[in-house]
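Student: Residue-level listing of the chains:
Number of protein chains: 2
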Amino acid sequence: MDPSLVKTPPLRDLTIDNITENVILINSLCEDARMKYVLERLVTHLHDFARETRLSFDEWMAGIKFLTETGQICTDVRQEFILLSDVLGLSLLVDSIDHPKPPNSTEGTVLGPFHTHEAPQMSHGDSMSQDTNGEPLLVVCNIKDRSGTPISGVKIDIWETDSTGHYDVQHADRTGPDGRCVMLSDDKGEFWFKAIKPVPYPIPHDGPVGKLLKRLHRHPFRPSHMHFMFEKDGYDHLITSLYLRNDPYEMSDAVFGVKNTLVVDLGTVDAELADKYGVAEGTLLMTYDFVLVTDAETKALREHNSQVALDKLGRKVKIVNGLPIPDLD
Amino acid sequence: MDPSLVKTPPLRDLTIDNITENVILINSLCEDARMKYVLERLVTHLHDFARETRLSFDEWMAGIKFLTETGQICTDVRQEFILLSDVLGLSLLVDSIDHPKPPNSTEGTVLGPFHTHEAPQMSHGDSMSQDTNGEPLLVVCNIKDRSGTPISGVKIDIWETDSTGHYDVQHADRTGPDGRCVMLSDDKGEFWFKAIKPVPYPIPHDGPVGKLLKRLHRHPFRPSHMHFMFEKDGYDHLITSLYLRNDPYEMSDAVFGVKNTLVVDLGTVDAELADKYGVAEGTLLMTYDFVLVTDAETKALREHNSQVALDKLGRKVKIVNGLPIPDLD
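So the protein sequences, as listed, match chains F and B.
FYI, the UniProt record's numbering numbers position 13 of the first sequence as 13, with every residue one higher than the one before it.
FYI, the UniProt record's numbering numbers position 81 of the second sequence as 81, with every residue one higher than the one before it.
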């Protein structure tokens with residue numbers, strides 16, 4: 001770009017006190033109002049962080065190195081920046097903002113870094129785990145809308161670790177997907193499958209995020225859980241998990257994902273269910289009634305919440321494409 | 001760690017409104033008071049950023065991908081996170097905080113990502129550039145303290161691009177360092193060397209940072225400059241640059257580094273200087289009087305500035321090891 005076209009005041013002699021307004025000014029050449037707002041808040045908070053801590057050059061360099069190592073350890077099957085976001089509580093926060101839940105609907109929680117797009121499609125009753133060391137578990141669930149009407153044809157992604165607490169992608173010698181599947185809810189909104197009892201496990205802690213947790217004296221464990229993701233046109237995308245009650249880490253999840261309404265008690269399969277689902281009597285049983293919310297309900301609630309929250313913060317905004325931007329009128 | 005040892009309240013049912021205090025609470029197990037303070041401010045700003053923008057999941061994921069790509073493009077000779085910090089004004093800000101300058105001393109500026117530790121030691125009068133296409137430049141400088149006393153034995157790192165605007169490390173086929181050297185000031189605090197006239201150049205813009213600048217309609221250019229770094233026991237480490245006056249990018253440096261006191265006019269070598277320094281009469285000449293500040297002066301000024309700035313922000317802090325931490329007494 002021809003520098004003579006830059007419509008900003010001379011950027012020279014920038015100081016602790018005027019650098020922020022000038023960076024915001026030059027970034028405001030961007031004509032995407034939402035991006036401009038996000039960048040403005042990002043630069044403001046980044047600079048205020050440095051000013052409030054009086055960040056030293058050595059600390060800044062330690063941060064540069066930490067972020068570089070975090071990026072460099074990422075692979076197709078490892079996402080250390082999501083882990084970082086998880087342990088800093090950002091992931092839970094963003095899910096809460098983006099997918100607000102009205103009363104009597106299933107709450108969401110963190111996605112985590114282990115969802116993949118290679119899970120095999122399975123039929124009801126199939127076994128999603130090839131791990132013979134796991135404790136067999138029958139999972140029987142249904143999906144309804146808030147008025148209690150079953151929702152059929154929902155695409156459900158399900159994933160869990162093996163009995164050693166590792167996802168398939170964490171095994172260097174894996175030959176294909178395991179402990180994950182995709183299925184569709186049937187005409188009654190039901191879906192059921194065989195799995196293994198979830199176990200607690202540490203998030204990967206041999207990298208930068210693990211080192212950070214160690215310096216903070218935080219343990220890296222997540223309580224036993226199974227991930228679920230629900231997708232159907234017209235319904236808000238639901239990312240959630242079910243947690244087992246009385247897990248040793250139930251109250252100290254390293255990634256802050258546990259919600260009371262998502263904690264379940266396992267039962268056991270009685271003779272009737274054993275016959276119906278073709279499993280041994282006494283097999284562990286997990287059941288849950290998921291309640292999805294429509295896209296329209298979620299959008300309205302999200303916009304309402306945004307407006308209320310930003311009013312409270314004293315920021316004058318308008319909602320465009322579902323997201324707030326400054327209202328300059 | 002045994003979860004029963006975790007002395008925090010139950011971390012469950014975390015929401016938009018209580019996630020921040022709980023993340024700070026569990027991070028407070030860290031016994032390093034400074035790290036705890038830095039993390040507390042980091043988490044607060046990160047969360048406030050998400051709350052004020054009502055950050056969407058898709059935007060969060062775009063951020064995760066951006067940071068991952070930024071980390072992955074880094075190599076031994078490319079530091080994209082420093083570039084990112086530079087274009088967001090954070091580098092200039094941190095240098096200003098960490099290396100405050102009293103009146104009548106040389107101002108600092110951004111380090112940039114191209115300093116290396118492989119520059120050859122050179123003697124006064126040596127040529128630091130092997131680029132025969134560059135316009136020859138004689139550089140004659142001296143180093144004094146604030147009372148005007150010459151400082152000998154200062155280690156000076158100097159680096160600049162070649163005439164095409166690239167640092168040595170940006171050439172895939174390079175055979176060794178070029179356009180950089182290390183020398184020591186002599187008994188009179190002087191140092192001089194042959195170089196080439198600096199040229200304006202774009203920061204690397206084929207990666208994530210370049211894409212960001214493009215979306216913001218910002219050009220990637222830095223005005224013509226030469227980097228200097230000064231080190232001597234007892235003196236504050238000075239990272240600075242000299243900029244050529246009337247450069248087309250003098251007022252719009254992509255990384256906000258230009259300071260009025262660091263802008264120089266080039267002269268030409270007269271007969272006397274030509275004879276003294278063994279260069280042709282009429283050769284371009286750059287001169288500068290650098291003024292270093294003692295460690296003690298800088299430390300006192302930094303601590304004073306920290307206290308004043310944080311008082312103004314209403315934060316009660318005490319200075320420990322030169323850096324603020326909350327004063328809880």
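What the hints contain is simulated information worked out from the structure, not anything from laboratory work.
Mixed in with the good hints there might be a few duds.
[Claimed, not checked] Pairs of lysine to any residue, SDA-like flavour, derived with a Cα cap of 25 angstroms:
#: 1; chain 1: F; residue 1: LYS211; chain 2: B; residue 2: ILE24
#: 2; chain 1: F; residue 1: LYS312; chain 2: B; residue 2: GLU21
#: 3; chain 1: B; residue 1: LYS36; chain 2: F; residue 2: ASP162
#: 4; chain 1: F; residue 1: LYS65; chain 2: B; residue 2: ASP126
#: 5; chain 1: B; residue 1: LYS318; chain 2: F; residue 2: PRO326
#: 6; chain 1: B; residue 1: LYS214; chain 2: F; residue 2: GLU52
Being a predicted model, the structure only gives us computed values, none of them experimental.
Student: Indicate, hint by hint, whether the structure satisfies it.
Tutor: So, going through the hints one by one against the coordinates:
no., hint, verdict
1, LYS211(F) x ILE24(B), "holds (17 angstroms)"
2, LYS312(F) x GLU21(B), "holds (19 angstroms)"
3, LYS36(B) x ASP162(F), "violated (35 angstroms)"
4, LYS65(F) x ASP126(B), "violated (34 angstroms)"
5, LYS318(B) x PRO326(F), "violated (37 angstroms)"
6, LYS214(B) x GLU52(F), "violated (30 angstroms)"
Hints 3, 4, 5, 6, counting from the list given before, are not met by this structure.
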